[in-house]
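**Q** Chain by chain, the residues:
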Amino acid sequence: MIPANRKFLLTLLTPALLVLLVFVAAPVIQSIILSFHRIIIGLPQLKSPFIGAENYRELLHDPVARHSFLVTVFFVSTTTFFELLLGLLLALLINHRFPGRGALRACILVPWAIPTVVSAQMWRFLFNDAYGMINYLVFADKVSAYIPWLAAPGTALFAIILADIWKTTSFAALLILAGLQIIPEQLYQAARVDGAGMWRRFRHITWPLIRPALLIALLFRTIDAFRVFDLAFVMTQGGPADATNVLQLYGYKKMFVEGWMGYGSAISVAVFAMVLVLAVVYVRMARRRLLEATL
Amino acid sequence: MKIIGLWVTVGIVLFSTLMLNAQEPQTIVFLTWKPNQPEVWERLIQQFHQEHPQILVQMQIGPHSSTESHAVVTQRLRNKDASLDVFLMDVIWPPEFANAGWALPLTSRFSEEEQKKFLPATIAANTYHKTIYGVPSYLGAGLFYYRKDLLAKYKFDPPKFWTEMLVQGDAIVKGERDPALHIYAAQFKQYEGLVCDMLEFIWSHGGHVVDPQTRKVLLGEPPSVEAVTFVRDRIIGRAAPRGAINYEEPESLEVFIQGRAVFHRNWPYAWAVANDPEKSRVAGRIGVGPLPAFTGHVSASALGGWQFGISRWSKHPDAAWEFVKFMTSLHSQKILALEAGLAPTRIAVYDDPEVQERMLHLKHFLPAFKRARPRPTSPLYPMISQELQRFFSRAISDRETDVEGLARATSERIERIVQMEAAVQQ
Chain F
1 MIPANRKFLL TLLTPALLVL LVFVAAPVIQ SIILSFHRII IGLPQLKSPF
51 IGAENYRELL HDPVARHSFL VTVFFVSTTT FFELLLGLLL ALLINHRFPG
101 RGALRACILV PWAIPTVVSA QMWRFLFNDA YGMINYLVFA DKVSAYIPWL
151 AAPGTALFAI ILADIWKTTS FAALLILAGL QIIPEQLYQA ARVDGAGMWR
201 RFRHITWPLI RPALLIALLF RTIDAFRVFD LAFVMTQGGP ADATNVLQLY
251 GYKKMFVEGW MGYGSAISVA VFAMVLVLAV VYVRMARRRL LEATL
Chain B
296 MKIIGLWVTV GIVLFSTLML NAQEPQTIVF LTWKPNQPEV WERLIQQFHQ
346 EHPQILVQMQ IGPHSSTESH AVVTQRLRNK DASLDVFLMD VIWPPEFANA
396 GWALPLTSRF SEEEQKKFLP ATIAANTYHK TIYGVPSYLG AGLFYYRKDL
446 LAKYKFDPPK FWTEMLVQGD AIVKGERDPA LHIYAAQFKQ YEGLVCDMLE
496 FIWSHGGHVV DPQTRKVLLG EPPSVEAVTF VRDRIIGRAA PRGAINYEEP
546 ESLEVFIQGR AVFHRNWPYA WAVANDPEKS RVAGRIGVGP LPAFTGHVSA
596 SALGGWQFGI SRWSKHPDAA WEFVKFMTSL HSQKILALEA GLAPTRIAVY
646 DDPEVQERML HLKHFLPAFK RARPRPTSPL YPMISQELQR FFSRAISDRE
696 TDVEGLARAT SERIERIVQM EAAVQQ
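Just so you know, the protein sequences line up as chains F and B, in that order. So in this note's numbering, the last spot in the first sequence is 295, and the numbers never skip. So in this note's numbering, the last spot in the second sequence is 721, and the numbers never skip.
Just so you know, the hints here were simulated from the structure itself, not pulled from any lab data. All values derive from a computational prediction rather than experimental measurement. Each hint should be verified, as a subset may be incorrect.
Coverage of chain B stretches by chain F, computed from C-beta distances (three or more under 8 Å per stretch; other residues unrestricted) [unchecked claim]:
#1 365-374
#2 387-398
#3 407-421
#4 424-434
#5 478-487
#6 687-696
Calculated lysine-lysine pairs in the DSSO-like style (CA-CA distance at most 27 Å, straight line) [what the hints assert, rightly or not]:
#7 K629(B) to K375(B)
#8 K47(F) to K629(B)
#9 K448(B) to K574(B)
#10 K665(B) to K142(F)
#11 K47(F) to K329(B)
#12 K448(B) to K375(B)
#13 K142(F) to K329(B)
#14 K610(B) to K658(B)
#15 K665(B) to K47(F)
Built from N, CA and C at the ideal position, the CB exists for glycine as well.
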């Protein structure tokens, strides 16, 4: 028996659940089904035979996919690390009272508010080897020293990482700031009375209390970074030498450029599975921390 | 009551039939890649509207790169999108579009007699298993642009060989004492253009990726491997700026028209841009001809260019054909040539006195057009191209790579694709 008020709650939830089912669950299931078939758009004569896990077996032995995976993991770990670190510093800064704080808070959100495609295009111009701003800032008019940032495998990945950090640090800062603002001022006052210095106040009050917020920021940033696509698509198309060929871009190329729908779907399902596992682990950790924090 | 209901129904039916016969303009959607002179295309479409008031053409502009355009067009065709009627196809798409059943066969509309009026290579590119699927709009082929003024100043003739180009370029760059001046600018980003540029080096060294006769994959053979190694060791970071590894056509053309490169490889459209004094610093000081070759071999150009195709899902194939016929007519090709610098596919345009008078350079284009070669023709070409892009980009970005080993591994992967296609055709 479902109690009457629960029934009412369920009725209220139904529209939301339906939307989730149609727009989230259905495409995912569709991708999973596609990934078990051999579908090549250029060869409709193949029909679309069911081939079991063959796409996944091929994926495991695909050196390009392995390389893409490593590139993605490197991208995720560096961007998440720096975004959280810089986000924390920014949050601590704008949590202080000082003249112009409101304006600064608004400014910090600007990069995050710009659509990624637009900011990616902007960074592409900034990193241009001949007329890019960055070369001018670093080398001024020593034209012969100009570095073609997007043309060398190492620096191209670095450029994309930098663009991502620039763009989403403010998002991390916003989440951490929310965590900072729930810390009662009295705790700091009491600590000051007890003679605690700045570092000790941070170490023993701020840090333990913002950990749940940090964890949530970490969760969002990791998952988001794992699905990176637009930055690489606009700035480098995955090149040079596949140095920025992140997993999502590789899946996109397989599906929409090569027309290899089954295999491309297998790649996106693999990304989905990895993100899902990460999300579950984080959510469990977050729940534990939140419990600890309230105790 | 029943009678009134009947009359109302009859009235509605009559009214709607009348509406249909009243020649509501039919809207056809034309999807094109991003043209360099969109205003010329718009003007042509306006002329078409004047001649055919019952048809309304809606032009939709896609991305500039061929690969991205391909993704946009194929996605709509795959979804059987009836709102798309006419599209421009890159020269490599017809086999794929034909085999997938997306492009309407044009046999009944585009007669063989009419086909004979076009340059034969462009008709061949639109034919798959003896059926024609597209009407060539304009032709492209890799062309070799050079600074006429600089060559004259140092008393050089346009180079016939790659090594000759390097020697001349060295002398000019040393003599000019300009740190921003490079010998060569071309397209080496990991995208479709890279395949064209690299194939030209391979072909002009006697190599092949896929032998057109035997269908054997020859990428791992010495002529191909040596040509790729030459590009890596002598072109990238030496003759061409290292940044060329991230250049598509617009970026490399920018280098040339800013006067920062002596030689430049590009498609025919670059002529008009490079001679436009508002955009170019080298207007009027450039020459054009076929690309150099390796000593003992002949020059080769990648065949490019765009064709009109009609969607199999179009609800107005007749209106669509009227539009295609208009856009590929002698009149339209002449306008596209004179005003947008696009090289005509109709032979008669080359003999037109006005075109000859105003476009003297077309006769310099012709030798390269005649040496143009198609990229491997296959409905699975996009897969082959992705393998090639990966290989070429890796080979030229890193001086340490084992080009031969990489070429052999790529050959094997391409071999698998070719066999996959052959298995289906049987």
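**Q** Next step is simple, just say for each hint if it's right about the structure.
**A** Against the structure, the hints:
Only residues whose C-beta sits within less than 8 Å of a C-beta in chain F count toward coverage, and the stretch 365-374 of chain B has 5 of them, enough to reach three; the restraint holds. Under a criterion of three residues with beta carbons nearer than 8 Å to beta carbons of chain F, the stated coverage of the stretch 387-398 of chain B is upheld, 4 such residues being counted. With 0 residues carrying a beta carbon less than 8 Å from a beta carbon of chain F, the stretch 407-421 of chain B misses the three-residue requirement, and the given coverage is violated. Interface restraint, the stretch 424-434 of chain B with chain F: violated (0 residues with C-beta to C-beta distance below 8 Å; minimum three).
By the rule of at least three residues with a Cβ nearer than 8 Å to a Cβ of chain F, the coverage given for the stretch 478-487 of chain B holds, with 3 such residues. Counting residues of the stretch 687-696 of chain B whose CB lies closer than 8 Å to any CB of chain F gives 4, which reaches the minimum of 3, so the coverage claim holds. Taking the CA atoms of K629(B) and K375(B), the gap is about 34 Å. The hint is violated against a cut of 27 Å. Distance check on the hinted pair: K47(F) and K629(B) sit about 44 Å apart at the alpha-carbon level, beyond 27 Å; violated.
About 24 Å separates the Cα atoms of K448(B) and K574(B), which keeps this hinted pair within 27 Å; it holds. Restraint check: the Cα-Cα separation between K665(B) and K142(F) comes to about 44 Å, which exceeds 27 Å; the hinted pair is violated. A threshold of 27 Å between alpha carbons decides the hint, and for K47(F) with K329(B) the separation of about 34 Å lies outside it, so the pair is violated. Between the alpha carbons of K448(B) and K375(B) the distance comes to roughly 58 Å, so the proposed pair goes past 27 Å and is violated.
Between K142(F) and K329(B) the CA atoms are separated by roughly 35 Å; this puts the pair beyond 27 Å, and the hint is violated. For a cut-off of 27 Å, the pair hint linking K610(B) to K658(B) is broken: about 41 Å separates their Cα positions. For the given pair, K665(B) sits about 39 Å from K47(F) by alpha-carbon distance, which is inconsistent with the 27 Å threshold.
Checked against the numbered hints above, the structure violates hints 3, 4, 7, 8, 10, 11, 12, 13, 14 and 15; every other hint is satisfied.
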